[in-house]
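Assemble the whole structure, with the sequences as input and the hints as a guide.
One rule links them: number in our numbering = place in the sequence shown (from 1) + 766.
Take these hints with a grain of salt, some might be off.
Under the rule of at most 25 Å between Cα atoms (straight-line distance), these lysine to any residue pairs were calculated in the SDA-like manner [to be verified]:
#, residue 1, residue 2
1, Lys997, Gly1065
2, Lys895, Asp905
3, Lys1036, Phe1020
4, Lys855, Met822
5, Lys852, Thr1057
6, Lys972, Ile1013
7, Lys1112, Arg1064
8, Lys895, Glu932
9, Lys1036, Tyr1055
10, Lys855, Leu831
11, Lys855, Gly1077
12, Lys972, Gly985
13, Lys997, Gly971
14, Lys1036, Ile1060
15, Lys866, Tyr1101
16, Lys866, Ser926
17, Lys972, Arg919
18, Lys997, Val1021
19, Lys972, Phe1009
20, Lys897, Gly931
21, Lys897, Gly863
22, Lys866, Leu949
23, Lys855, Lys895
24, Lys895, Arg940
25, Lys997, Glu1045
26, Lys852, Ser824
27, Lys1036, Pro1078
28, Lys1112, Leu1054
29, Lys897, Glu963
30, Lys997, Leu1042
31, Lys852, Ser926
32, Lys1112, Asp1093
33, Lys997, Pro1027
34, Lys855, Tyr1055
35, Lys855, Phe989
36, Lys972, Leu1007
37, Lys1036, Leu1083
38, Lys852, Asp1090
39, Lys889, Ala826
40, Lys866, Tyr887
Don't read these hints as lab results, they were simulated from the structure.
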Amino acid sequence: MKPGGRFANIAGPIFLFACLWIGGCALFAGNSPEAPEPAIDLVWPNPPESPRIRYMRSVATPRDLGITKSIWRRIWEFIAGEVEEKIVKPYGIQTDGAGKIYIADSVERFIHVFDLEGRDYSKIGDPQKLKFPIDLAIDPSGEIYVSDAELGRVFRYDSSGRPTGEIGLEGNLRRPAGIVYNLVNGLLYVVDVSQHEVLAYEPSGKLRFKFGHRGTGNGEFNFPTNITTDKRGYLYVTDSLNFRIQIFDPQGNFVSRFGRPGDALGEFSKPKGIALDSEGHIYVVEGLYDTIIIFDERGRLLLTFGSPGTGPGQFWLASGIYIDPQDRIYVADSYNSRIQVFQYLKAGDGKRP
767 MKPGGRFANI AGPIFLFACL WIGGCALFAG NSPEAPEPAI DLVWPNPPES
817 PRIRYMRSVA TPRDLGITKS IWRRIWEFIA GEVEEKIVKP YGIQTDGAGK
867 IYIADSVERF IHVFDLEGRD YSKIGDPQKL KFPIDLAIDP SGEIYVSDAE
917 LGRVFRYDSS GRPTGEIGLE GNLRRPAGIV YNLVNGLLYV VDVSQHEVLA
967 YEPSGKLRFK FGHRGTGNGE FNFPTNITTD KRGYLYVTDS LNFRIQIFDP
1017 QGNFVSRFGR PGDALGEFSK PKGIALDSEG HIYVVEGLYD TIIIFDERGR
1067 LLLTFGSPGT GPGQFWLASG IYIDPQDRIY VADSYNSRIQ VFQYLKAGDG
1117 KRP
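Shown next as structure tokens:
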């Protein structure tokens, strides 16, 4: 047979297949999805005190959670030149009761969906339609709500990722950011940064009421950004440029506030995401100093964790935060293009692996 005959036509694909099958090529060298993250025992506070926060892992791609692709899919992506799915600039994070993690990516302009039980990865949202997705919320029926700060809308999707409607078409939203679904009254609360207010909607999109305006007094805001709720349905709002957290009842009535500007421990310079654990502790992302500050229900400082950097437990312009029912803490490490996961350890649970 002449050199360059039929064998030459199939040698390349055969070699590529073998290379991908045995994992011997540099293309996938060191990227085995089964390879565990290096063991790191990183806790806060430091010994000999009892640990209350433990670092678990970082997530930047589906492979970091053991979500793999078929060999044929990997071959096709290589031939087609498709880029591997990865988080670029995360902000909002949520989980559901079915083992899925949802991450709003403001650069990729869609929602990453990591399905831990189904061992699958998917996306929600059209990058041609979403312009600047910031935060997301999920109601008990599985409907997903995504705020778009540039378009002044909240987009609604069903549990399969199909679009089901939009909130804000009437023009009452200008720059929506943080959103949360309140289990107590079934309303969706949306923080509007540039209008210095919080708007309460029915899931259908009907505006029920709104509260707040620009100012420094109780119940007033100066560029609020993020929001969460507690078991009572009370609302916790990051009042960013007033450098404080304000707390309201479900009707929007002012309850209390805490925080002040400064660079001392427990003070705010650039407060962002906010979340509560199962015991009511309040976690606030301090974006300028790349740390998470934990307060009790009265706003008294309890603990901080994290520091600037690119390693485990370090942040670079962290933004959103979410805590699931198992007290797993998800932090959007935005400029490190990843999510970091921590575990809150209850008293007497400091030896949790």
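Check whether the Cα positions of Lys855 and Tyr1055 lie no farther apart than 25 Å.
holds, 18 Å
Between Lys997 and Val1021, is the straight-line Cα distance small enough, at 25 Å or below?
Cα-Cα ~15 Å, so holds.
Proposed proximity, Ile1013 with Lys972 (alpha carbon, max 25 Å)
holds, 24 Å
Under the criterion that the straight-line Cα-Cα distance not exceed 25 Å, is the pair Lys897, Gly863 satisfied?
Since the Cα atoms of Lys897 and Gly863 sit roughly 28 Å apart, the hinted pair is violated (cutoff 25 Å).
Please verify whether Lys997 and Leu1042 have alpha carbons no more than 25 Å apart.
holds, 10 Å
Can the restraint linking Lys852 and Asp1090 be considered satisfied, given a maximum Cα separation of 25 Å?
holds, 22 Å
Holds or violated: Lys895 and Glu932, Cα atoms, limit 25 Å.
Roughly 12 Å separates the two Cα atoms, so the pair holds.
Distance restraint between Lys1036 and Leu1083, which requires alpha-carbon spacing of 25 Å or less:
With Cα atoms ~10 Å apart, Lys1036 and Leu1083 stay inside 25 Å; holds.
Check whether the Cα positions of Lys1036 and Pro1078 lie no farther apart than 25 Å.
Holds, at roughly 22 Å.
Are the Cα atoms of Lys852 and Ser824 separated by 25 Å or less?
holds, 12 Å
Regarding the pair Lys1112 and Asp1093, is the alpha-carbon distance no greater than 25 Å?
Measuring from Cα to Cα gives roughly 9 Å; hence the hint holds.
Quickly compare the C-alpha distance for Lys997 and Pro1027 to 25 Å and report which way the hint goes.
violated, 28 Å
Of the hints listed earlier, those the structure fails to meet are numbers 19, 21, 28, 33, 36, in rising order.
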